[in-house]
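Sequence order for the protein chains is A and B.
Under our numbering, the residue at position 131 of the first sequence is numbered 131, and the numbers go up by one with no gaps.
Every position in the second sequence, counted from 1, becomes a number in our numbering once 137 is added.
No lab work stands behind these hints, which were simulated from the structure alone.
Hints are not guaranteed to be accurate.
Distance condition first, Cα-Cα at most 16 Å in a straight line; then the derived EDC-like pairs of lysine to aspartate or glutamate [claimed, not checked]:
1) B/464 x A/79
2) B/345 x B/318
3) B/366 x B/328
4) A/11 x B/230
5) B/478 x B/244
6) B/222 x A/121
7) B/464 x A/97
8) A/110 x B/230
9) B/222 x A/113
10) B/376 x B/174
11) B/376 x B/162
12) B/478 x B/170
13) B/474 x A/131
14) B/464 x A/92
15) B/464 x A/131
16) B/464 x B/283
17) B/267 x B/206
18) A/110 x A/9
19) B/393 x B/357
20) B/217 x B/244
21) A/11 x A/121
22) B/205 x B/170
23) A/110 x A/92
24) B/366 x B/310
25) B/304 x B/390
26) B/205 x B/174
27) A/65 x A/131
28) B/217 x A/131
29) A/99 x A/79
30) B/393 x B/349
31) A/99 x A/9
32) B/217 x A/94
33) A/65 x A/9
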Amino acid sequence: MSVPRYWRESKYRYRLIGKRCMRCGALYYPRRAICTRCGSKELEEHQLSDRGRIVSWTVIRNPPKDYERFAPYVVALVELEDGIRILSQIVDVEPEEVKAGMMVEATFRKIREDGTSGIIEYGYKFRPPVESKQDSS
Amino acid sequence: MRPSRPVGIVGYGAYIPMGRLRTSEICRVWGGEPPIEEKAVSAMDEDAVTIAVECARYALRRANIQPKELGAIYVGTESKPYAVKPCGTIVAEAIGASPQVAAADYEFACKAGTEAFQTCVALVSSGMVKYAMAIGADTAQGRPADPLEYTVACGGAAFIFGPRSEKTLAYLEGSYSYVTDTPDFWRRAHEIYPRHGGRFTGEPAYFKHIIEAARGLMAELGYGPNDFKYAVFHQPNVKFPIRVARMLGFGMDAIKPGLVVQHVGNTYAGSTPIGLAATLDQARCGDRILVVSYGSGAGSDAFSFVVEDRAEVPNRDPPVSLFISRKRYIDYATYIKHRGKILR
Numbered sequence: 001m002s003v004p005r006y007w008r009e010s011k012y013r014y015r016l017i018g019k020r021c022m023r024c025g026a027l028y029y030p031r032r033a034i035c036t037r038c039g040s041k042e043l044e045e046h047q048l049s050d051r052g053r054i055v056s057w058t059v060i061r062n063p064p065k066d067y068e069r070f071a072p073y074v075v076a077l078v079e080l081e082d083g084i085r086i087l088s089q090i091v092d093v094e095p096e097e098v099k100a101g102m103m104v105e106a107t108f109r110k111i112r113e114d115g116t117s118g119i120i121e122y123g124y125k126f127r128p129p130v131e132s133k134q135d136s137s
Numbered sequence: 138m139r140p141s142r143p144v145g146i147v148g149y150g151a152y153i154p155m156g157r158l159r160t161s162e163i164c165r166v167w168g169g170e171p172p173i174e175e176k177a178v179s180a181m182d183e184d185a186v187t188i189a190v191e192c193a194r195y196a197l198r199r200a201n202i203q204p205k206e207l208g209a210i211y212v213g214t215e216s217k218p219y220a221v222k223p224c225g226t227i228v229a230e231a232i233g234a235s236p237q238v239a240a241a242d243y244e245f246a247c248k249a250g251t252e253a254f255q256t257c258v259a260l261v262s263s264g265m266v267k268y269a270m271a272i273g274a275d276t277a278q279g280r281p282a283d284p285l286e287y288t289v290a291c292g293g294a295a296f297i298f299g300p301r302s303e304k305t306l307a308y309l310e311g312s313y314s315y316v317t318d319t320p321d322f323w324r325r326a327h328e329i330y331p332r333h334g335g336r337f338t339g340e341p342a343y344f345k346h347i348i349e350a351a352r353g354l355m356a357e358l359g360y361g362p363n364d365f366k367y368a369v370f371h372q373p374n375v376k377f378p379i380r381v382a383r384m385l386g387f388g389m390d391a392i393k394p395g396l397v398v399q400h401v402g403n404t405y406a407g408s409t410p411i412g413l414a415a416t417l418d419q420a421r422c423g424d425r426i427l428v429v430s431y432g433s434g435a436g437s438d439a440f441s442f443v444v445e446d447r448a449e450v451p452n453r454d455p456p457v458s459l460f461i462s463r464k465r466y467i468d469y470a471t472y473i474k475h476r477g478k479i480l481r
């Protein structure tokens with residue numbers, strides 16, 4: 001990713017900020033300029049929920065360039081509590097422990113490094129919630 | 138040093154990565170006796186910045202304030218992912234505090250975090266900012282087979298300071314800083330691993346500075362060790378904090394809640410802040426806590442905090458004990474991969 005693009009998108013990636021259609025309420029992540037449900041161009045920034053459940057997942061064993069050292073790793077479709085579905089890497093869990101319906105929460109991690117001299121790209125990933133067992137649902 | 142108007146901790150949060158390396162595993166590879174049981178190891182996608190962000194988010198939640206209310210964010214670390222580019226700006230953006238906020242990184246070996254405490258207290262006390270956040274976080278470095286490798290670990294804690302009010306968890310009575318030019322441990326520019334003076338890191342370094350700072354603060358406040366319910370000392374290993382506590386007149390009961398090194402390791406700038414966080418997790422209203430950090434190079438910051446009743450209000454934020462029990466063991470090979478000691 002180019003440095004300007006990373007800079008433009010960092011706050012959305014750091015804090016899970018999407019867009020909400022001010023006319024029909026549809027949520028989008030990544031953000032969109034036009035609502036695909038009602039066609040409105042009036043969309044506002046919206047803080048998405050940082051918790052959700054895994055809908056489906058896959059284990060990446062042959063990763064693309066710059067992700068080799070993470071393999072094998074899990075990429076999942078996560079349905080957030082506000083109903084929107086996003087793709088994310090799942091961390092702090094072994095691939096064989098991942099289950100559909102598993103509760104996860106957002107965490108802040110390194111996504112990719114541009115070699116040893118380039119920029120470090122940070123953003124969200126998801127993990128099992130850090131909470132006492134009696135708190136988990 | 139006393140603030141010109143009352144200042145206290147309004148929120149705090151710790152974070153310890155999930156990876157654990159038993160030191161017996163290091164002994165299996167390099168020999169020797171395990172100085173602690175196990176140490177925390179960051180995942181490959183974690184660094185001092187991600188640890189600082191995790192701590193900062195928990196601290197904000199506990200403080201129940203808006204990120205934009207923070208007037209300053211200082212990150213104390215000796216594991217900066219960038220030699221030039223602040224960790225503080227990334228933390229500020231990630232928690233939603235930027236752009237109207239002061240941010241910088243502090244370097245003072247293991248006391249960089251508490252050095253940030255001093256600045257935050259001063260900014261709040263002077264009225265320049267309403268709230269200020271100090272973070273101590275590290276992914277500590279230790280050369281393979283060096284005695285340091287058996288203890289150095291990853292983790293951190295963040296503290297939000299604000300004017301004393303109904304939001305305060307613990308108020309500050311006073312602080313004391315003591316520094317000298319003592320070359321006990323250092324890392325030159327472009328070097329990956331630090332070097333140290335072996336046993337020289339003990340008497341003229343760790344013990345001298347902690348004892349002088351602790352005694353200096355107690356003399357200024359007119360207190361003795363019996364006036365404190367708890368004490369937190371920098372914990373590079375198990376022996377040093379226990380010995381310095383004894384030398385200052387504190388018993389094991391006073392240091393036990395904050396003594397986490399046996400299961401976490403030496404998290405450098407995170408060490409004393411995590412110890413304070415673990416102590417606050419257990420403290421009750423009226424308890425007085427002595428906190429004394431140590432950073433090589435060398436210096437100590439001492440603080441006296443008194444816990445307020447709001448600290449006893451239940452909350453859902455994870456205590457330090459939860460991070461200690463949340464772990465996944467890795468072997469030495471995985472550890473050196475995680476810590477970048479071997480590359481593809």
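Results for each hint:
1. B/464 x A/79: Violated, at roughly 26 Å.
2. B/345 x B/318: 12 Å, holds
3. B/366 x B/328: 41 Å, violated
4. A/11 x B/230: 7 Å, holds
5. B/478 x B/244: 23 Å, violated
6. B/222 x A/121: 13 Å, holds
7. B/464 x A/97: Cα-Cα ~15 Å, so holds.
8. A/110 x B/230: With a Cα-Cα distance of about 15 Å, the restraint between residue 110 of chain A and residue 230 of chain B holds, given a limit of 16 Å.
9. B/222 x A/113: OK: residue 222 of chain B and residue 113 of chain A at ~15 Å, within 16 Å.
10. B/376 x B/174: Given pair residue 376 of chain B, residue 174 of chain B holds - Cα atoms ~13 Å apart, limit 16 Å.
11. B/376 x B/162: 21 Å, violated
12. B/478 x B/170: The given pair, whose Cα atoms are some 22 Å apart, is violated under the 16 Å limit.
13. B/474 x A/131: With a Cα-Cα distance of about 28 Å, the restraint between residue 474 of chain B and residue 131 of chain A is violated, given a limit of 16 Å.
14. B/464 x A/92: Distance of about 9 Å is within 16 Å: holds.
15. B/464 x A/131: 13 Å, holds
16. B/464 x B/283: 25 Å, violated
17. B/267 x B/206: With Cα atoms ~7 Å apart, residue 267 of chain B and residue 206 of chain B stay inside 16 Å; holds.
18. A/110 x A/9: 15 Å, holds
19. B/393 x B/357: Not satisfied, since the Cα-Cα distance of roughly 26 Å exceeds 16 Å.
20. B/217 x B/244: 9 Å, holds
21. A/11 x A/121: This hinted pair holds, its Cα atoms lying about 12 Å apart.
22. B/205 x B/170: 49 Å, violated
23. A/110 x A/92: Roughly 14 Å separates the two Cα atoms, so the pair holds.
24. B/366 x B/310: 15 Å, holds
25. B/304 x B/390: 28 Å, violated
26. B/205 x B/174: 41 Å, violated
27. A/65 x A/131: 34 Å, violated
28. B/217 x A/131: Given pair residue 217 of chain B, residue 131 of chain A is violated - Cα atoms ~28 Å apart, limit 16 Å.
29. A/99 x A/79: Holds, because 13 Å separates the two Cα atoms, which is no more than 16 Å.
30. B/393 x B/349: 22 Å, violated
31. A/99 x A/9: 30 Å, violated
32. B/217 x A/94: 28 Å, violated
33. A/65 x A/9: The hint is violated at about 21 Å.
Going through the hint list in order, the structure does not satisfy hints 1, 3, 5, 11, 12, 13, 16, 19, 22, 25, 26, 27, 28, 30, 31, 32 and 33.
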